[in-house]
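Q: Given only the sequences and the hints, what does the whole structure look like? Please build it.
If you're matching them up, the sequences are chains S and E in order. FYI, in this note's numbering the residues of the first sequence are 40 to 152. FYI, in this note's numbering the residues of the second sequence are 16 to 127.
Just to be clear, a hint being listed does not mean it is correct.
[As the list claims (entries may be wrong)] Derived CB-CB ranges, DEER-like:
hint, chain 1, residue 1, chain 2, residue 2, range
1, S, Pro93, E, Ser27, 39 to 45 angstroms
2, S, Gln56, E, Arg65, 24 to 30 angstroms
3, E, Asn126, S, Gln56, 40 to 46 angstroms
4, E, Glu68, S, Glu53, 48 to 54 angstroms
5, E, Arg75, S, Asn89, 44 to 50 angstroms
Honestly, the hints are just simulated from the structure, not real lab data. Cβ atoms here follow ideal geometry from the backbone N, Cα and C, with glycine treated the same way.
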Amino acid sequence: DAGVIQSPRHEVTEMGQEVTLRCKPISGHDYLFWYRQTMMRGLELLIYFNNNVPIDDSGMPEDRFSAKMPNASFSTLKIQPSEPRDSAVYFCASSLSPVRGYTFGSGTRLTVV
Amino acid sequence: SQQGEEDPQALSIQEGENATMNCSYKTSINNLQWYRQNSGRGLVHLILIRSNEREKHSGRLRVTLDTSKKSSSLLITASRAADTASYFCATDGETSGSRLTFGEGTQLTVNP
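A: This is the structure:
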């Protein structure tokens, strides 16, 4: 298995632009998580899905952030409009069962200038 | 806020030495997991210990859990330069559902 695949690896965009991050989870994993990592705040859970249904989006910073999972093999995290404070590494992770551990993607490093 | 807090924040040792990292948490947990993150990469799951377990081994890794003190430790024996990474503990509990809450991590540097 290729693991969790995220794209793009790096994204540089101007403030106000829309940004879309993509994730392909491991086939058969029913759980998908989006995390954000910064030096100041560490790893923060933004949202997670179970069987394509959003279960907990309490970590989504504000209405500028949205996430979708239209099918079991694809999820997107969208920021519109983007702001410099959104600069971070965004990780997607999937899991067969959370008690068995997560598999993380390599992350998307987002820089908003 | 982070559920887990790692101690120390940074640790530098020589190859061959043992490395011990500690994690404390605040609320009751079901499981505690340890992850490694190499620079510029995603986190990699290392080991999971359940709340009713006290110790677990995996290769050169030894994890202990003390639920009365709400703390865990990760011991890496006979460290190698390739062990250089950040190490995070993560917990899931009765109130957190299926999500993991990660600590702030310990940056381990193993010098050749």
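Q: At the C-beta level, are E/Arg75 and S/Asn89 separated by a distance inside 44 to 50 angstroms?
A: 34 angstroms, violated
Q: Does the Cβ pair S/Pro93, E/Ser27 satisfy 39 to 45 angstroms?
A: 42 angstroms Cβ-Cβ, so the 39 to 45 angstroms window holds.
Q: Between S/Gln56 and E/Arg65, is the Cβ distance one that fits in 24 to 30 angstroms?
A: 45 angstroms, violated
Q: 48 to 54 angstroms was suggested as the range; check whether the CB atoms of E/Glu68 and S/Glu53 agree with it.
A: 50 angstroms, holds
Q: Do E/Asn126 and S/Gln56 keep their Cβ atoms within the hinted range of 40 to 46 angstroms?
A: 43 angstroms, holds
Of the hints listed earlier, those the structure fails to meet are numbers 2 and 5, in rising order.
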